[in-house]
Amino acid sequence: AQSVTQLGSHVSVSEGALVLLRCNYSSSVPPYLFWYVQYPNQGLQLLLKYTTGATLVKGINGFEAEFKKSETSFHLTKPSAHMSDAAEYFCAVTVGSGNTGKLIFGQGTTLQVKP
Amino acid sequence: NAGVTQTPKFRVLKTGQSMTLLCAQDMNHEYMYWYRQDPGMGLRLIHYSVGEGTTAKGEVPDGYNVSRLKKQNFLLGLESAAPSQTSVYFCASSRGIGPLDTQYFGPGTRLTVL
Chain D
44 AQSVTQLGSH
54 VSVSEGALVL
64 LRCNYSSSVP
74 PYLFWYVQYP
84 NQGLQLLLKY
94 TTGATLVKGI
104 NGFEAEFKKS
114 ETSFHLTKPS
124 AHMSDAAEYF
134 CAVTVGSGNT
144 GKLIFGQGTT
154 LQVKP
Chain B
57 NAGVTQTPKF
67 RVLKTGQSMT
77 LLCAQDMNHE
87 YMYWYRQDPG
97 MGLRLIHYSV
107 GEGTTAKGEV
117 PDGYNVSRLK
127 KQNFLLGLES
137 AAPSQTSVYF
147 CASSRGIGPL
157 DTQYFGPGTR
167 LTVL
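If you read the sequences in order, they're chains D and B.
Take 44 as the starting number for the first sequence in our numbering and just add one per residue.
Take 57 as the starting number for the second sequence in our numbering and just add one per residue.
Since the hints were derived computationally from the structure, they do not count as laboratory data.
Each residue gets a CB set at the ideal place from its N, CA and C atoms; glycine is no exception.
Worth double-checking, as some hints may not be accurate.
If you want the ones that stay clear, here's a sample from chain D, every Cβ over 12 Å from chain B, calculated [stated by the list, open to error]: (1) 71; (2) 104; (3) 109; (4) 113; (5) 155; (6) 158.
What the simulated footprint calls covered on chain D by chain B, stretch by stretch (three residues with Cβ under 8 Å from a Cβ of chain B suffice, anywhere in the stretch; the number is not a length) [to be verified]: (7) 86-96; (8) 145-152.
Using the sequences and the accompanying hints, generate a full structural model.
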């Protein structure tokens, strides 16, 4: 079975600092990996996803993530945090297609950006 | 193009009461999903539908029922609400169920059961 673990339920950075949100997955087959962002009182919005090919994936708002199979990780980074990045971030995994294509979410990481 | 909408946005119920949450999408998507979000637990899949007239159980289906009578609508019902069902409920839809098919989420319904 697939699972996702997000290390750190709360991360605080200063504006302009590097953002690093950690995600590790467990899967017995090649995974497909996603990062979603949830702004206050809103639904989830897709930031980026890894399916196949290049392991460094670029998303919206300057975020990127790197799939590292050897470390079973898919950490999310952004070189310089902006106040508008304050939100909750979810890592998710799915495998294959058809009936097994459902998303499994991590528990979420709240990003706080301090001025 | 409104995307995915959810009705109502907020609701307070007493234990034992029933209610129905409505999800509507205008993207002609085949697949629709209901999730619940609880602090520290991320989103968990309650039920999903792979097309009009079909439904299937997700990770946490107990205490919920769903119906997909029209392609654009996916209803989530609570027949006898319990405090453990206090949560934020999200509906999502996608064109397909594979990894290339992005799930689009609604704004959520915050439900409190007293």
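Hints, one by one, checked against the model:
1. Every beta carbon of chain B lies more than 12 Å from that of residue 71/D, the smallest distance being close to 16 Å; the non-interface claim holds.
2. Under the 12 Å C-beta cut-off, the non-interface status given to residue 104/D relative to chain B holds; the minimum distance is some 16 Å.
3. Residue placement check: residue 109/D keeps its beta carbon more than 12 Å from all beta carbons of chain B (closest about 17 Å).
4. At roughly 21 Å, the least C-beta separation between residue 113/D and chain B is larger than 12 Å, which holds for a residue marked as non-interface.
5. No beta-carbon of chain B comes within 12 Å of the beta-carbon of residue 155/D; the shortest separation is about 16 Å.
6. Once the 12 Å rule is applied to beta carbons, residue 158/D is consistent with being away from chain B; the minimum gap is 26 Å.
7. A stretch counts as covered by a chain when three or more of its residues have a beta carbon under 8 Å from one of that chain; for the stretch 86-96 of chain D and chain B the count is 6, and the coverage holds.
8. Check on the stretch 145-152 of chain D: 6 of its residues sit with their Cβ under 8 Å from a Cβ of chain B, so the three-residue criterion for coverage holds.
Every hint, counting from the list given before, is met by this structure.
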